[in-house]
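A.B. asks: Based on the sequences and whatever the hints tell you, model everything.
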Amino acid sequence: MSEAEDFGFSDKARTRLCLEQPSPTNPYLTETLYLAGYDLQQLVQKRSFSDTLYLLFCHQLPNAAQSELLEKLMTGLICASPRHAASRAVMSAGISKTNPEHLLPIGLLTLGGKQGGAAEVQLAYQFLQQHLNTTAELALQQNPARSRHQHPVPGFGALFGDVDPLMQKLAEYLLSLEGAGPHLRFAQQLATLMAKDGYGLLDTGLCAAVCADLALGARESVALYQLFRAPGLIALGMEQSHLPIHALPLLEDEHYVFQP
Amino acid sequence: MSSSPDNYFLWQQKRGNIVTSIGKWVGGDDVQVRQYSLLKDLFQQVSYMQLQVLNATGKLVSPELGRWLENNFMVMSYPDARIWCNQVGAFAGTLKTSPTAATVAGCLAADSRVYGGSQTSEHAMRFIQQTLLKYKAGQSIEALVAAAPVKQGKPAIIGFARPVARTDERIAPHQQMTEALGFAKGEHMQLADLIADYMQQHYGMGINIGGYTAAFMSDQGFSPEEVYRIKNLCVASGVTACYQDQLTEPEHSFLPWRCDDIDYQGQAPRMLPD
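Protein chains in written order, with the working numbering: chain A, 1 to 260; chain B, 1001 to 1274.
Keep in mind that the hints were calculated from the coordinates and are not lab data.
Hints are not guaranteed to be accurate.
[As the list claims (entries may be wrong)] No more than 20 angstroms apart at the CA atoms, straight line, and that leaves these computed lysine to aspartate or glutamate pairs for EDC-like: (1) B:Lys1014 <-> A:Asp253; (2) A:Lys196 <-> A:Glu137; (3) A:Lys46 <-> B:Asp1274; (4) A:Lys46 <-> A:Glu68; (5) B:Lys1024 <-> A:Glu252; (6) A:Lys114 <-> B:Asp1041; (7) B:Lys1154 <-> B:Glu1142; (8) B:Lys1059 <-> B:Asp1080; (9) B:Lys1014 <-> A:Glu254; (10) B:Lys1096 <-> B:Glu1225; (11) B:Lys1096 <-> A:Glu101.
C.D. replies: Okay, here's the thing in structure tokens:
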């Protein structure tokens, strides 16, 4: 690296989130940690995990309606099906005795994709934001469906060929909450219009809509989706890790067809 | 649309079956890799890099191209813990993370749109391949550079200039290697040279290894997606080195920060509302 040139790198890291008051006797130890100005000790005593989570990203505490919406979304997404690709990945790792500390990263990495994974949440978030001031009909006209097995727009599509009834029910419940906002309502309008073609709201689209209503940020919503899905991934992987390796199917040769 | 078995026919077909062209392990006998026998056609006959490209793309490349890529990998990964992905390896070392997790975490860190050699190669290949079409259609180098987004008063073209140095020390050795291995300069590389000359003359910024690799691999007939798959672990060895370097060091001892080494720019301490 050139010593002579200034490439604009800072002397110090900066943050708007964490203020660490050092110990009077050791400048490396934190005596008091403030999160967006609030003492962590007070947050521990008086606020829920989901309220504190919201604080980390919005730098302010949620009101009661926002708090409820986030809490219910987190509960609704807490465990994907054991047949979901990310669950299957973590279950395969668990049964094959992967180190326990690797199970969650394996699940989250698998869950990171642009089609049905975390990266799609950002695309869905941006799609909803861009089209919020148009009508659902116009948004769909501008984004005609491609092949049957691709999502017509990010966050919306078919699951195993049909509308996902689980996400539909969750969306309807979340819509009944006081905190539901314009993005979630618009998402539901889109889903209703698409239903005739067998498409509906996917978990990624639902997460995007709620995150947008909570102003949690498009990029942030990617990782939050992973966080919301994490508990189920851990539980499914750990459950398999306690079972013998032959407790999951391994395909026989006759069902593995090689066609070079 | 009403639900019917036709809707889930595809999944019914795939349930309990794998149909593939990539290969097959026949326990106790052999392994097929595409149309090749691993033990009879490839083992001891091709390099690991040739096999990696075969698995990533389905193409069995020449020994010379395998050699080119192996040398290219060598310079994508330095044992210097200031580089972002290597820092990840070093931090993992101080926590005695497993070597696999540390290396994978570092490689993942380098899956970045600004550095790392895998995703950046994909972007750079898209640029050079699309730009060649425009150049052939009659656009000038000046116009092509002018069409790029501008950052800090200079064109931000992926594959040209670097975040921490003006001159890429890997270009000259790569040019020598490319010639020594008998590769002719293709049309993507010729265009890259023209852009590099223009950028050097007007902005003092030359081609970097991502731009050079993109042009070379485009000339070899690879797609951006194929090169992303080939190079996805190209920073691994440097990450492992930095991980290993910190393994025996005390916890949190790699580049430690004091509380006041972080510039806090947020809300002043405030009372939590009831």
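A.B. asks: Please write out, lowest number first, the hints stated earlier that are contradicted by the structure.
C.D. replies: 6, 8 and 10
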